[in-house]
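> Respectively, the protein sequence lines represent chains A and B.
The working numbering applies: residue 1 is where the first sequence begins, and numbers increase by one.
The working numbering applies: residue 1 is where the second sequence begins, and numbers increase by one.
Treat the hints with care, since some could be wrong.
What the hints assert, rightly or not - Straight line, CA to CA, 16 Å or less: simulated EDC-like cross-link-like pairs of lysine to aspartate or glutamate:
hint, chain 1, residue 1, chain 2, residue 2
1, B, Lys52, B, Asp175
2, A, Lys23, B, Glu184
3, A, Lys59, A, Asp229
4, B, Lys110, B, Asp175
5, A, Lys166, A, Asp220
6, A, Lys23, B, Glu29
7, B, Lys96, B, Glu186
8, A, Lys23, B, Asp71
9, A, Lys23, B, Asp165
10, A, Lys209, A, Asp116
11, A, Lys81, A, Glu49
12, B, Lys52, B, Asp165
Just so you know, these hints were derived from the structure itself, not from any lab.
Given next are the chains, with one letter for each unit.
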Amino acid sequence: MKKISLAAVMLICGFSAFGQAVKDRNVIPVAVSLNQVLRMTVTNGGNIEFVFNTIEDYKNGISSEGIISANPTATSGAMYKTDFTVSSSTRWALSYGTEEPSFWGTDNPNTALALDNVGFSISNNGFNTFAGTGKVAGGTPVGLESLISVPTDNGLQVTALQTYPKVLIQDFGNPAAANAGDAADNSFTLNWRCGTAEQGTVFPMNIVKLIDQNPSPAPDRYVVNVLFDLAID
Amino acid sequence: MLIIKLFPPKIVFLTLLIYLSINPLFSQEWNAARLNVLYGSSLPLNFSSLGKIKKGIEVQTGTRFGISLVDSLQLGHVLQGFVLYFRAFNNQANIKGDVSVLPLNKIRVKAENVIGLESGHSYGYQDLSTDWLPLFSYTNASWHNLNWANHQLNISYECGKSLADGGNGTLLGEDPDYYNVEIEFELVPTGINF
Chain A
1 MKKISLAAVM
11 LICGFSAFGQ
21 AVKDRNVIPV
31 AVSLNQVLRM
41 TVTNGGNIEF
51 VFNTIEDYKN
61 GISSEGIISA
71 NPTATSGAMY
81 KTDFTVSSST
91 RWALSYGTEE
101 PSFWGTDNPN
111 TALALDNVGF
121 SISNNGFNTF
131 AGTGKVAGGT
141 PVGLESLISV
151 PTDNGLQVTA
161 LQTYPKVLIQ
171 DFGNPAAANA
181 GDAADNSFTL
191 NWRCGTAEQG
201 TVFPMNIVKL
211 IDQNPSPAPD
221 RYVVNVLFDL
231 AID
Chain B
1 MLIIKLFPPK
11 IVFLTLLIYL
21 SINPLFSQEW
31 NAARLNVLYG
41 SSLPLNFSSL
51 GKIKKGIEVQ
61 TGTRFGISLV
71 DSLQLGHVLQ
81 GFVLYFRAFN
91 NQANIKGDVS
101 VLPLNKIRVK
111 AENVIGLESG
121 HSYGYQDLST
131 DWLPLFSYTN
141 ASWHNLNWAN
151 HQLNISYECG
161 KSLADGGNGT
171 LLGEDPDYYN
181 VEIEFELVPT
191 GINF
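All chains should be modelled from the sequences, with the hints used to inform the complete structure.
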């Protein structure tokens, strides 16, 4: 009897050990395609021309920021501004510079005008923000600082025009905020000036005004192309 | 010696024979469960414009599951509902591209009733992770078996939503690539002694 009971207990234990709750699983593959978007658009001021036709212009220069610049007596006008936007899905860098090492005369191609007679500052009109003064890429960010402009000390200084390529704006490297964004995030104005002799801290303009230069620049129409190159940073 | 005395070979053989012959009849599972994919067995998220990259993508009707859940009426085991869990398949730690990776939580998943599971509870959008997380639970003390035709869940997906929109950040600044992850769903029955 004992043996039979023991066998019965074994059987019952065996039954319950094999029963269980049944689960089910399914797998859904998800793919994320990130396409590159990288575009620069000049919305205004694609062609800048300074016309010096008074002695005052030669003395004080011509500037888009005549009232607020270091040279408040310069002739000013909104036509000396270039507005542009950058749309990028990734961190980006904008290089710029002139095709030639100096301005060349159109009437007399043998005459030249030094590039540093022309300069510009940058105004930021977008939601992305420049880092503070003196900061370079990879520095310690404050808040959502995402833009660096070494030639203009992050938008605070006037820089002389340089030959291509010079990095004008780049990503700060802030882990919390990339400079990627659309045209509303990355909207800028270049405030051009010529002959204002402003001394930026990085690339100062020619400190001698046009009227004081020796030899005096020959009357001519001086031209140079300025290239912009937008790339992934 | 004592064991041989207690269990002579004849008795052991007979017991094993009876056990093996009738065990399948008595060791039935406590329930049957099936997670049927009715549509949306794969999901492409194509970020083809800056607007999508900046705002993210939400696919509200991404996958539809049919739920089949049957109680086997095993003594002591009472089926009363289920929980739907999800995670990255094989504990994949990130969303893998050819070159770069994205954090798993850039994808969020939500399960909601479509038909037949109105009294269930949706946990809303949950971050994809390597851990099992609940998406939807359903309990009915007076249990009626569920079948895929009349009990369905809709799975919604969102990817790259901004923090302001309740997501985990946009994909702005991320490298262009073709990223992949497999999401694993598990239907787990619940009830007394489950």
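> Each hint: holds or not?
Going down the list of hints, with the structure as the test:
This hinted pair checks out: B:Lys52 and B:Asp175 have alpha carbons roughly 15 Å apart, not beyond 16 Å. Between A:Lys23 and B:Glu184 the CA atoms are separated by roughly 13 Å; this keeps the pair inside 16 Å, and the hint holds. Note on A:Lys59 and A:Asp229: the hinted pairing is violated, with a Cα-Cα distance of about 34 Å set against a maximum of 16 Å. At most 16 Å may separate the alpha-carbon atoms for a hinted pair to count; B:Lys110 and B:Asp175 exceed this at roughly 26 Å.
At roughly 27 Å between alpha-carbon atoms, A:Lys166 and A:Asp220 are farther apart than 16 Å, so this suggested pair is violated. With a C-alpha separation of about 11 Å, the suggested pairing of A:Lys23 with B:Glu29 holds against the 16 Å cut-off. A threshold of 16 Å between alpha carbons decides the hint, and for B:Lys96 with B:Glu186 the separation of about 22 Å lies outside it, so the pair is violated. A hinted pair counts as satisfied when its Cα atoms are at most 16 Å apart, and A:Lys23 with B:Asp71 qualifies at roughly 12 Å.
Distance check on the hinted pair: A:Lys23 and B:Asp165 sit about 35 Å apart at the alpha-carbon level, beyond 16 Å; violated. Note on A:Lys209 and A:Asp116: the hinted pairing holds, with a Cα-Cα distance of about 11 Å set against a maximum of 16 Å. At most 16 Å may separate the alpha-carbon atoms for a hinted pair to count; A:Lys81 and A:Glu49 meet this at roughly 10 Å. Simply put, B:Lys52 and B:Asp165 have alpha-carbon atoms about 13 Å apart, close enough for the 16 Å limit, and the pair holds.
Hints 3, 4, 5, 7 and 9, counting from the list given before, are not met by this structure.
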